[in-house]
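Q: Spelled out from the first residue to the last, the chains are:
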Amino acid sequence: MKKIIYLFVLLLSIFSISGCGYNKMQANEEAVKAAWGDVEASYQRRNDLIPNLVEVVKGYAKHEKDTLIAVTEARAKVGNIQISKEMVNDPKAFAQFQEAQSAMSSALSRLMVVVEKYPDLKANQNFKDLQHQLEGTENRINVARSRYNKAVEIFNTSIRIFPNNITNSVLLQLKLKEPFKAETGSEKAPQVKF
Amino acid sequence: MQAKKPLKILYPAFILSFILLLTLSAHALDVPKLQGYVNDYAGMISPSVKTKLEAELKTFEQTDSTQIVILTIPSLEGDVIDSFSIKVADKWKIGQKGKDNGVIIIAAKNNRKMRIEVGRGLESTLTDLATGRIIDRVIGPSFKKGDFDGGFTAGVAALIAAAKGEFKSEKKFSPKKQENLSRFLTFLIFSGIFMLIMGSISRILGSAAGAISLPLLAKLTIAGSSGVFTLIILGLAGVVIGGLLPILFSNSSRHYGSRGPWSSGGFGGVDIGGGGGFDGGGGDFGGGGASGDW
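From first to last, the protein sequence lines stand for chains A and B. Each residue of the first sequence is one higher than the last, beginning at 1 in this note's numbering. Each residue of the second sequence is one higher than the last, beginning at 195 in this note's numbering.
If we strip away everything but chain A, and leave its shape as in the complex, we get (with noise of 0.2 Å):
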């Protein structure tokens, strides 16, 4: 009799764990973190685009020294950024992030001015290849960091709402994960148009 009362009284604790929000809580912390892979594979892919998009413009834009060393050097300013999944919790690697991102399309948007100035450059097959792939990647961008805020929204929430909040303060302890902020100075990430 006594085993059949403990028994139940360990199916109930199992049953009232998950009513808490336990394994919700869980699960939106993983989606949270599977976004931020989305996230960090489009900035990844921009990365390793521009060197080529450099190379392009090189050898149109003689005169241009200045704008593309600026973008090679925010591109090298991102690189060394090291960047973790951990990165959600921590406002201020978070903070650093952005900016080095941020840096890095104004250093390109600044290039696009210049290659408005080479009619020639635009023509150029290479390149049109290039501007589809590196809009494709802005656009990717856009998409991975508004579905990853879709998904810190969705977690913050799960946190804070009456029963999860307990259940997080004694047994999870999960921290509140940063959303992306607009940009100072622009409310979208510029566009790059050709």
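Just so you know, the hints here were simulated from the structure itself, not pulled from any lab data. Just to be clear, a hint being listed does not mean it is correct.
[Unchecked claim] No more than 30 Å apart at the CA atoms, straight line, and that leaves these computed lysine-lysine pairs for BS3-like:
1) A/K128 to B/K281
2) A/K181 to B/K281
3) A/K33 to B/K338
4) B/K227 to A/K150
5) A/K117 to B/K338
6) B/K338 to B/K291
[Said to hold, decoys possible] Beta-carbon label-pair distances, calculated as ranges:
7) A/V9 to B/R397: 13 to 23 Å
8) A/E153 to B/K339: 39 to 49 Å
9) B/D487 to A/K117: 38 to 48 Å
10) B/L425 to A/S84: 41 to 51 Å
[Unchecked claim] To list a few chain A residues with every Cβ distance to chain B over 10 Å, as calculated:
11) K65
12) T67
13) A70
14) N80
15) M87
16) E99
17) L121
18) N139
19) L174
Treat the numbers as computed from the prediction; the structure is a model and nothing was measured. Beta carbons are placed, not taken as given, at the ideal position from N, Cα and C, and that holds for glycine.
Using the hints, position chain B against chain A.
A: For chain B alone, kept in the frame of chain A given last:
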């Protein structure tokens, strides 16, 4: 003077509501309903070409399981085609779940903008570059001449040629059903143990456990398809099962005979299937593809 006072308050309110209306209408471009392979809301495609494309895309989905869908809209109404097309992709969920092999071709007639949105599963064959070239070299030139029929036909042909062989069609079973079934079994075992334990403490507790867990089981696993009436019946069945289950498991063999009627009770008529009509299969999009204008 006194009559002017309410007006003074009314003005800002009026302006405010006007601004509110404006901002609302700026985001008012809703995703239209998915009707079939060709959703020609802007009237860009002639009826004969539409039937041809529908047939072509249907065959392609049957052989290669890749789902290509066309959408034309009259105007973007201030929206950007990139963000509008991902909205469409998220809502329609073109392509099969797990394979993510959907493609959406979107054209906004008055803005002269188009986009090919590619599902995650096809990103390696229909790269941004490949779709960009299809827009630049195949669809764009025809559209520039005003030949929308020719542009869509050639564009679809190019997409099919590029995407061919990426996925094979297979006899499909619905993964959702499978998921539901395994969830159902887990819950069934859990509630069975629950009823047994409660019932072994006392008969009344067992019945109560049955009355609670059986309708709960139905509600959790096959939500939506069970009405209130079914739930009540399930509850009553639960009372009886919960009361008898512990006895069945104990050694008294005389009760085995009464097992039949209960075990095949309220679960027979459960229907999990979805409705008919054209549907996206749950494919996921990550923003791949290319945009262009004409």
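Q: Could you run down the list of hints and mark each one as holding or not?
A: Evaluation of the provided hints:
Annotation: proposed proximity of A/K128 to B/K281 holds, straight-line Cα distance about 27 Å (limit 30 Å). Straight-line distance between C-alpha atoms of A/K181 and B/K281 comes to about 21 Å, which keeps the hinted pair within the 30 Å bound. Our distance criterion of 30 Å between C-alpha atoms is broken by A/K33 and B/K338, whose separation comes to about 44 Å. This hinted pair checks out: B/K227 and A/K150 have alpha carbons roughly 24 Å apart, not beyond 30 Å.
Taking the CA atoms of A/K117 and B/K338, the gap is about 26 Å. The hint holds against a cut of 30 Å. A threshold of 30 Å between alpha carbons decides the hint, and for B/K338 with B/K291 the separation of about 36 Å lies outside it, so the pair is violated. For A/V9 and B/R397, the hinted distance range of 13 to 23 Å is satisfied, since their beta carbons lie about 21 Å from each other. Look at A/E153 against B/K339: about 46 Å separates their beta carbons, and that is inside 39 to 49 Å.
Between B/D487 and A/K117 the beta carbons are some 22 Å apart, a value that contradicts the proposed interval 38 to 48 Å. Between B/L425 and A/S84 the CB atoms are about 48 Å apart, so this pair conforms to the stated range of 41 to 51 Å. No beta-carbon of chain B is positioned within 10 Å of the beta-carbon of A/K65; the least distance is around 29 Å. Even its closest Cβ contact with chain B, about 24 Å, leaves A/T67 beyond 10 Å, as expected for a residue assigned away from the interface.
Non-interface status of A/A70 relative to chain B is upheld: no Cβ of that chain comes within 10 Å, the nearest being about 25 Å off. No Cβ of chain B approaches the Cβ of A/N80 within 10 Å, the least distance being about 27 Å, so the stated non-interface status holds. For A/M87, the requirement that its beta carbon stay farther than 10 Å from each beta carbon of chain B is met, with the minimum near 21 Å. For A/E99, the requirement that its beta carbon stay farther than 10 Å from each beta carbon of chain B is met, with the minimum near 23 Å.
Listed as a non-interface residue, A/L121 keeps its Cβ farther than 10 Å from every Cβ of chain B; the least gap is roughly 16 Å. The beta carbon of A/N139 is not kept farther than 10 Å from every beta carbon of chain B, the shortest such distance being approximately 5 Å. Once the 10 Å rule is applied to beta carbons, A/L174 is consistent with being away from chain B; the minimum gap is 25 Å.
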